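These protein sequences, in sequence, are chains A and B. Quick note on numbering: the first sequence equals residues 1 to 161 in the working numbering. Quick note on numbering: the second sequence equals residues 1 to 292 in the working numbering.
Derived from the structure by calculation, the hints contain no laboratory data. Because the structure is a prediction, the values reported are computed rather than measured. One or more hints might be untrue.
[Unchecked claim] Selected chain B positions facing chain A (in silico; Cβ < 10 Å):
| no. | residue |
| --- | --- |
| 1 | A4 |
| 2 | Y8 |
| 3 | K29 |
| 4 | S36 |
| 5 | M40 |
| 6 | H103 |
| 7 | N108 |
| 8 | V174 |
| 9 | W175 |
| 10 | I187 |
| 11 | R190 |
| 12 | D193 |
| 13 | S260 |
Here a beta-carbon is modelled for each residue, glycine too, at the ideal position from N, C-alpha and C.
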Amino acid sequence: MSETLHAVAIEVNGKRREAQVPARLSLVDWLRDELRLTGTHVGCEHGICGACSVMLDGEPVRSCLMYTVQASGHRITTVEGLAGPDGSMSVLQDAFCETHGLQCGYCTPGMLIAAQGLLNSNPSPTEEQIRDAIGGNLCRCTGYQQIVEAVRLAAERMKAK
Amino acid sequence: MKAAPFEYARAASVAEACALLARHGDGAKVIAGGQSLVPMMAMRLVRPAFLVDINEIDSLKFVKIEKDAVRMGACTRQVMVERNDWVAGRVPLLHEALAWVGHVQTRNRGTTGGSLAHADPCAELPLVAQVLGAKMMLRSGKGTRALDAEKFFSGPMSTSIRPDECLEEIHWPVWPERPMGSAFTEIAIRHGDFAIVAAAAQVALDSGGRCTRAAFGLGGVGGTPLAFPKIAAHLLGTKLDDKTIESAASDAAKECDPGSDLHATKEYRRHLAGVLAARALREARERARDAR
């Protein structure tokens, strides 16, 4: 049985992308398998782990809980979109490296998106607000301490700029 | 963990959504934020043949503050309600409950109407709707009808929405009584997960500190969220001392019929019901006293 294909036009990291997709193709599968933007990780595929977090029109959402067809006409930012145009790391990404905010790295793209979403709306978050913002993202290595530290360091540096 | 194939249409208006639902009948399902439906489809617990997407219908996204009620469109994102200070002032219980609903990423996408229509008996928003007696406005090609929360929730993950109907608006009652206090609390495996048991309470006091209005309820202890209007009526006229509250909470726990699963036995759930109902009522009372 061939599935109906739907035409979509989605802005991904500032670039307009067009495709024909079956309705059941999740956004994360499209980003990874079709666009080869494999920075976004796919973990649980049912909205628990947060590894697949991307920004939809500037707000963090789970890309495993959206079908690609639903993103048509919208703006997506993946972890690849956080770096500068020359590939240089963002303040937040640098802070994760410096504080050892990652070990295996599986949760990192989701953590970065969640933390960047927080810093965009709240440049001086408290520790509680940081923990709340990454509360939907599971990390099995770090124990979260260094991740919280990374977000705090990034917030300080962004303010100093 | 991939959804089975389905047909899809993005509705441009509520009328179009209703027409699609009428045409595709039982196999059709409305998708709003998808934060519950998409995982269920991924696990193939549900297999709708046709999804009617209402995410692009702007007329379903609004919050209107009125004298007796806060009205909101069914597709209003949870985050929009959470950030609305007017809602926090008028329906504080709803505002408090939202902090327990999922995580930032799911509240950015999840909708108030979607949570109600999904009707998980452990979910926060259905409990608040049941406790406050929210009104659900349903639309179909034949017209509109209003359903009280009590009639709306019919069982676990079941509502009285007919296959050709779409939840259009929710009216959350505003209590005019002052001082008034509300509280929401729950026990979950992890903050943001579905509750094992949740409790919500709202009370109003007169100038002498006597209770003039009270409502409370429990989630996770039956097929639908439960409210206890008859037990709450016994609180009226009292000063809501701890003993009165504990007796009401224990009466409520006795009325619950929880089930057992791998997270909690029914005995533990019933125990939590009494503890959490008392905690919510005490907290609501303290907030009402502080507001004097």
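Looking at the structure, which of the earlier hints fail to hold?
Checked against the structure, the hints that fail are numbers 3, 8, 9, 10, 13, while the rest are satisfied.
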